[in-house]
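Protein chains in written order, with the working numbering: chain A, 1 to 132; chain B, 1 to 75.
The set of hints was computed from the structure by calculation and includes no laboratory data. Mixed in with the good hints there might be a few duds.
[Stated by the list, open to error] Per label pair, the in silico range of CB-to-CB distance:
id	chain 1	residue 1	chain 2	residue 2	range
1	B	GLY36	A	ARG68	26 to 34 Å
2	A	GLY37	B	LEU42	48 to 56 Å
3	A	ARG68	B	ASP39	19 to 27 Å
4	B	ASP39	A	ALA110	36 to 44 Å
5	A	VAL91	B	TRP14	41 to 49 Å
6	B	LYS10	A	ALA107	57 to 65 Å
[Stated by the list, open to error] To give an idea of the chain B side of the interface with chain A (calculated C-beta under 10 Å), a few residues:
id	residue
7	ASP18
8	LEU33
9	PRO40
[Stated by the list, open to error] Interface residues of chain A toward chain B, partial, derived using beta-carbon atoms under 10 Å:
id	residue
10	SER6
11	ARG12
12	ASP70
13	ASP71
14	LEU76
15	SER129
Being a predicted model, the structure only gives us computed values, none of them experimental. Each residue gets a CB set at the ideal place from its N, CA and C atoms; glycine is no exception.
The chain contents come next:
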Amino acid sequence: MPDRLSPPDAARRRYNIVHTLVMFAFAGSIVAVARFGPGAAPALRWALVALPAVLLALAVWEFVRMVRRDDEMMQLLYLRAVSISAGAVLVAGTIWGMIEVLLGTPAFPAFLLLPAFATIYGVVFSVLSSRR
Amino acid sequence: MKNCLRDLRKARGWTQEDLAIELGVSRQTVNALEAGRYDPSLPLAFGIARLFDLAIEEVFEDGLEPPLRASRIRA
Chain A
1 MPDRLSPPDA
11 ARRRYNIVHT
21 LVMFAFAGSI
31 VAVARFGPGA
41 APALRWALVA
51 LPAVLLALAV
61 WEFVRMVRRD
71 DEMMQLLYLR
81 AVSISAGAVL
91 VAGTIWGMIE
101 VLLGTPAFPA
111 FLLLPAFATI
121 YGVVFSVLSS
131 RR
Chain B
1 MKNCLRDLRK
11 ARGWTQEDLA
21 IELGVSRQTV
31 NALEAGRYDP
41 SLPLAFGIAR
51 LFDLAIEEVF
61 EDGLEPPLRA
71 SRIRA
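Here chain A stands alone, though its shape is the one from the complex (with noise of 0.2 Å):
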């Protein structure tokens, strides 16, 4: 790791480590959930329940601010990656819907929506940025 970073790539590595340590804090509270929702008073389980949702939204807040400190290639690559992923979400899901209400096959679990996005967006980012 070089001793001075640019700018660009400083944010890089703060939101990759504050992204892991959410993400580790997103499953744990996740196991929380499962654990002790179920049995739980209604306003634990709505305090249990909006532990992770407070969790994700910082995600998505961290990523945010690390898209507006990058540079302007590192920004088109973001966006083109996550233009491509949720266009290839939302036909998926679309696609899902139509075959659930025709055929009545299983519901798709709508919050795996963000995960399979993010998954995606993981692949796609990786192509592109192996291609600049």
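Got chain A sorted already, so can you dock chain B onto it with the hints?
Same frame as chain A, now just chain B:
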């Protein structure tokens, strides 16, 4: 678009990271610029030219202008 950014950087003894810090961009962007895989915006192109005390057309070549003369590259 071709450019002589790599030659200019090496003439000053800079690493890609050094140039990235000078320009305020990421090292990945410097790498893409040097390889000709990314054409910079006008503000960034002006910034690069200003950093090396050259005109834009001396750094970037659109295929119509003669290439940069090596004697203009200053350390």
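Hints versus structure:
no. : hint                             : verdict
1   : GLY36(B) x ARG68(A): 26 to 34 Å  : 27 Å, holds
2   : GLY37(A) x LEU42(B): 48 to 56 Å  : 54 Å, holds
3   : ARG68(A) x ASP39(B): 19 to 27 Å  : 22 Å, holds
4   : ASP39(B) x ALA110(A): 36 to 44 Å : 41 Å, holds
5   : VAL91(A) x TRP14(B): 41 to 49 Å  : 45 Å, holds
6   : LYS10(B) x ALA107(A): 57 to 65 Å : 59 Å, holds
7   : ASP18                            : 8 Å, holds
8   : LEU33                            : 8 Å, holds
9   : PRO40                            : 7 Å, holds
10  : SER6                             : 4 Å, holds
11  : ARG12                            : 7 Å, holds
12  : ASP70                            : 7 Å, holds
13  : ASP71                            : 4 Å, holds
14  : LEU76                            : 8 Å, holds
15  : SER129                           : 7 Å, holds
Violated hints for the displayed structure: none, as all numbered hints are satisfied.
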